[in-house]
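If you're matching them up, the sequences are chains B and W in order. So for the first sequence, this note's numbering puts the first residue at 3; every next one is plus one. So for the second sequence, this note's numbering puts the first residue at 4; every next one is plus one.
Incorrect hints may appear among the rest.
Listed below are the simulated DSSO-like cross-link pairs for lysine-lysine, each with C-alpha atoms no more than 30 Å apart in a straight line [said to hold, decoys possible]:
no., chain 1, residue 1, chain 2, residue 2
1, W, K111, W, K63
2, W, K111, B, K16
3, W, K114, B, K11
By construction, these hints were calculated from the structure, which means they are not laboratory data.
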Amino acid sequence: NAGVTQTPKFQVLKTGQSMTLQCAQDMNHEYMSWYRQDPGMGLRLIHYSVGAGITDQGEVPNGYNVSRSTTEDFPLRLLSAAPSQTSVYFCASRENSAANFYEQYFGPGTRLTVT
Amino acid sequence: GNSVTQMEGPVTLSEEAFLTINCTYTATGYPSLFWYVQYPGEGLQLLLKATKADDKGSNKGFEATYRKETTSFHLEKGSVQVSDSAVYFCALSDMDYGGSQGNLIFGKGTKLSVKP
Numbered sequence: 003n004a005g006v007t008q009t010p011k012f013q014v015l016k017t018g019q020s021m022t023l024q025c026a027q028d029m030n031h032e033y034m035s036w037y038r039q040d041p042g043m044g045l046r047l048i049h050y051s052v053g054a055g056i057t058d059q060g061e062v063p064n065g066y067n068v069s070r071s072t073t074e075d076f077p078l079r080l081l082s083a084a085p086s087q088t089s090v091y092f093c094a095s096r097e098n099s100a101a102n103f104y105e106q107y108f109g110p111g112t113r114l115t116v117t
Numbered sequence: 004g005n006s007v008t009q010m011e012g013p014v015t016l017s018e019e020a021f022l023t024i025n026c027t028y029t030a031t032g033y034p035s036l037f038w039y040v041q042y043p044g045e046g047l048q049l050l051l052k053a054t055k056a057d058d059k060g061s062n063k064g065f066e067a068t069y070r071k072e073t074t075s076f077h078l079e080k081g082s083v084q085v086s087d088s089a090v091y092f093c094a095l096s097d098m099d100y101g102g103s104q105g106n107l108i109f110g111k112g113t114k115l116s117v118k119p
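With the rest of the complex left out, here is chain B (with noise of 0.2 Å):
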């Protein structure tokens, strides 16, 4: 059972370039989601989604792209990267019922720079 797994760990981009940090998780969870950390900031939603084919904006969107097609991934995508961008990023699962009282499980994080 290896939890939330995030590839890559760290990436560098230019501005402009697009990319795609992938997630997955291996506990069933109905629920994921992405936040970035920045400093001073704490953690932001960017998107969440409740189940494949579902997704829907968090606090933070502009700039990031989501998709679900299964259960077990939500990559991620950067459609034209800016140095505002450049962040921690975490991606966490969950089930999606109160019986957990939504407690959340966190990926290790992928540290993007754009330049």
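Fit chain W to the known structure of chain B by using the hints.
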């Protein structure tokens, strides 16, 4: 809207000192409250949680009590160790039956450094 406010850091303590990190929240509905910990270079791990008023969450010597009357969830530990050095995040998950998805809302984090 829902929000979490926690004390700004960094907090520097000597080993065996008493720790308090303040956290207050604003929420509609019936939120669950969490403390997550992030060790250097790692992702977030759940430290403890409380799901209703007057619940006390505890783990690894840390405790926090859900106080609805003061909308607070302060983290405490009686005797910190060097290994407790990390960033601590207070968070809430809104269980608003009006349609909230139970997304987590985080405070900005408090960095704790414990010196030997």
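Right, here's what the structure says about each hint:
no. : hint           : in the structure
1   : W:K111 - W:K63 : holds (22 Å)
2   : W:K111 - B:K16 : holds (28 Å)
3   : W:K114 - B:K11 : holds (22 Å)
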